[in-house]
Amino acid sequence: MKSLIQQAIVFVCFTTLAYGLQNGLARTPPMGWLSWERFRCNTDCDNHPDSCISENLYMAMADRLVEDGYRDAGYEYVNIDDCWSNKTRDENGNLNPDSKRFPSGMKALADYMHKKGLKLGIYGDFGSKTCAGYPGSLNYLEKDANRFAEWGIDMFKMDGCNVDISLMKKGYPEMGQYLNATGRPILFSCSWPDYERGKGIPIDYQSVASHCNIWRNFVDIQDSWDSVLKIIDYQANITDQWGPVVGPGNFSDPDMLIIGDYSLSVSQSQAQMAMWAILAAPLLMSNDLRTISPEFREILLNKEVIQVNQDPLGIMGKRVLQISNTTEAWMRPISDHWAVSFLNRDPSTSAEISVSLDKLKLPTKKVEGFDALDLFTGKYYGYMTPDAIFNCTVAPNGVTFLRFGMAE
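Using the working numbering, read the sequence shown as starting at 21 and increasing by one per residue.
Hints are computed from structural coordinates only; laboratory data are not their basis.
Among the hints, erroneous ones may be present.
Derived SDA-like pairs: lysine to any residue, alpha-carbon spacing no greater than 20 Å straight-line [as the list claims (entries may be wrong)]:
# : residue 1 : residue 2
1 : K219      : S148
2 : K379      : A427
3 : K135      : R84
4 : K250      : D260
5 : K190      : E216
6 : K120      : R109
7 : K127      : P193
8 : K127      : K163
9 : K190      : A427
Taking CB as the label site, the calculated pair distances span [what the hints assert, rightly or not]:
#  : residue 1 : residue 2 : range
10 : K163      : G44       : 16 to 26 Å
11 : H68       : N43       : 29 to 39 Å
12 : L393      : K127      : 27 to 37 Å
13 : D378      : S355      : 13 to 23 Å
14 : D224      : P332      : 23 to 33 Å
15 : E162      : P332      : 25 to 35 Å
16 : D83       : D391      : 21 to 31 Å
17 : K379      : D83       : 42 to 52 Å
18 : I409      : K135      : 33 to 43 Å
19 : A80       : D407      : 48 to 58 Å
20 : Y400      : G44       : 52 to 62 Å
21 : D246      : N166      : 34 to 44 Å
22 : D224      : P69       : 41 to 51 Å
For every residue, glycine included, the Cβ atom is placed at its ideal position computed from N, Cα and C.
All chains, please: the whole structure from these sequences, using the hints.
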């Protein structure tokens with residue numbers, strides 16, 4: 021006997037297939053912190069000691085994750101990005117961290133994370149050099165996988181600069197195999213489909229999902245609302261291609277959360293958080309947790325929104341309705357509930373939403389009634405019959421994010 025939510029999943033034509041990388045990791049979208057968008061490739065520790073790519077930066081962010089409640093909310097990865105290594109490999113062909121910026125070494129940094137109940141991620145590249153010109157893993161895949169395991173690394177992001185993109189279909193699966201062969205659980209983050217997309221190469225998402233825990237599929241996010249919307253639009257237009265292979269063990273990655281950085285307002289930050297939850301996206305913050313304002317911290321720690329993102333069914337939501345040129349509705353089935361996001365792109369005017377529940381792809385023919393709760397404000401909309409019209413107001417450049425449940 022199928023449960024109601026399982027019937028609803030079939031009803032709305034969301035299907036999750038078992039293509040995932042079988043390493044036991046990323047059963048829900050990974051959560052944590054990543055340095056790139058906020059701190060880029062700043063290696064000048066003499067002039068910028070608090071914001072350069074160094075062990076001190078990652079230890080400071082780890083401290084904040086623990087002390088400010090992020091770890092307990094699920095943010096467990098602290099991820100290093102480009103520019104961490106020496107400019108050349110050593111005489112044995114090994115990668116090593118820059119000794120001035122990482123004087124304790126990577127093993128000590130990983131130990132620091134593990135003692136705090138956190139995990140350490142690291143960055144590399146499939147090509148001869150990383151995007152910033154540091155040594156890549158081309159011809160060193162197995163050696164680098166073993167190196168990362170020796171250090172106690174928990175996530176590996178492999179970029180795709182400085183290499184023949186046609187080699188990725190073979191190289192990325194090989195790296196996944198080498199990581200698994202180390203015997204250490206290392207979550208594998210791939211940039212493979214994004215590079216194929218950029219060259220117009222057809223992407224085999226079943227293969228990607230078979231070899232990667234998470235995968236980047238579009239351009240890097242920038243610290244702007246326009247960048248967030250551009251990524252959302254790409255997701256909306258292409259979701260049907262990879263939605264069927266998203267699920268426990270493998271998730272599409274629309275890139276970092278920029279909440280608490282310089283550009284997004286509170287409403288825009290709520291919108292990014294809600295949309296990443298609807299998309300079953302990794303929640304990897306890139307911000308300065310030492311200086312973040314309370315209102316942005318509250319968004320990032322919203323338990324109800326995180327619960328949607330971390331739903332164990334792992335189903336990726338999709339856009340179900342374009343209400344106007346500036347407003348749209350997205351829906352994601354979650355365990356015994358349905359998450360709905362109304363997004364307003366208009367920067368100056370609130371959106372007045374009035375829409376029937378069946379247009380939101382809710383299972384109106386299978387449920388006697390619904391309750392709806394706003395996950396940011398806590399507003400309860402009361403009992404609604406399946407033929408009801410739902411009404412709400414969405415802030416300019418904002419979102420109304422709701423959980424619809426079966427009414428008792």
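Okay, the hints, checked on the actual structure:
1. Note on K219 and S148: the hinted pairing holds, with a Cα-Cα distance of about 19 Å set against a maximum of 20 Å.
2. At roughly 19 Å between alpha-carbon atoms, K379 and A427 fall within 20 Å of each other, so this suggested pair holds.
3. Our distance criterion of 20 Å between C-alpha atoms is met by K135 and R84, whose separation comes to about 14 Å.
4. Using a Cα cut-off of 20 Å, the hinted pair K250 and D260 holds, with the two alpha carbons roughly 17 Å apart.
5. A C-alpha spacing of about 13 Å is found between K190 and E216, which places the hinted pair at or below 20 Å, so the restraint holds.
6. Of the pairs offered as hints, the one joining K120 and R109 holds, with about 16 Å between alpha carbons and a cut-off of 20 Å not exceeded.
7. Our distance criterion of 20 Å between C-alpha atoms is broken by K127 and P193, whose separation comes to about 26 Å.
8. The suggested pairing of K127 with K163 holds, with an alpha-carbon distance near 16 Å, which does not exceed 20 Å.
9. Our distance criterion of 20 Å between C-alpha atoms is broken by K190 and A427, whose separation comes to about 50 Å.
10. Distance hint check: the CB atoms of K163 and G44 are about 24 Å apart, consistent with the given range 16 to 26 Å.
11. In this structure the supplied range 29 to 39 Å holds for H68 paired with N43, their Cβ-Cβ distance being about 37 Å.
12. Against the hinted window of 27 to 37 Å, the Cβ-Cβ separation of L393 and K127 comes to about 46 Å, which falls outside the hint.
13. The beta-carbon spacing between D378 and S355, approximately 22 Å, falls within the hinted interval of 13 to 23 Å.
14. Range check, D224 to P332: about 27 Å between beta-carbon atoms, so the 23 to 33 Å window is met.
15. Between E162 and P332, the C-beta spacing of about 34 Å keeps the proposed range 25 to 35 Å intact.
16. Checked against the hint of 21 to 31 Å, the C-beta distance between D83 and D391 comes to roughly 40 Å, which is inconsistent with it.
17. At roughly 47 Å, the beta carbons of K379 and D83 sit within the given window of 42 to 52 Å.
18. Between I409 and K135 the beta carbon distance is about 54 Å. The supplied range of 33 to 43 Å is therefore violated.
19. Restraint check, A80 to D407: a C-beta distance of roughly 54 Å satisfies the suggested window 48 to 58 Å.
20. Against the hinted window of 52 to 62 Å, the Cβ-Cβ separation of Y400 and G44 comes to about 38 Å, which falls outside the hint.
21. Under the hint 34 to 44 Å, the C-beta atoms of D246 and N166, about 42 Å apart, fit the expected range.
22. A beta carbon spacing of about 45 Å between D224 and P69 agrees with the range 41 to 51 Å that was offered as a hint.
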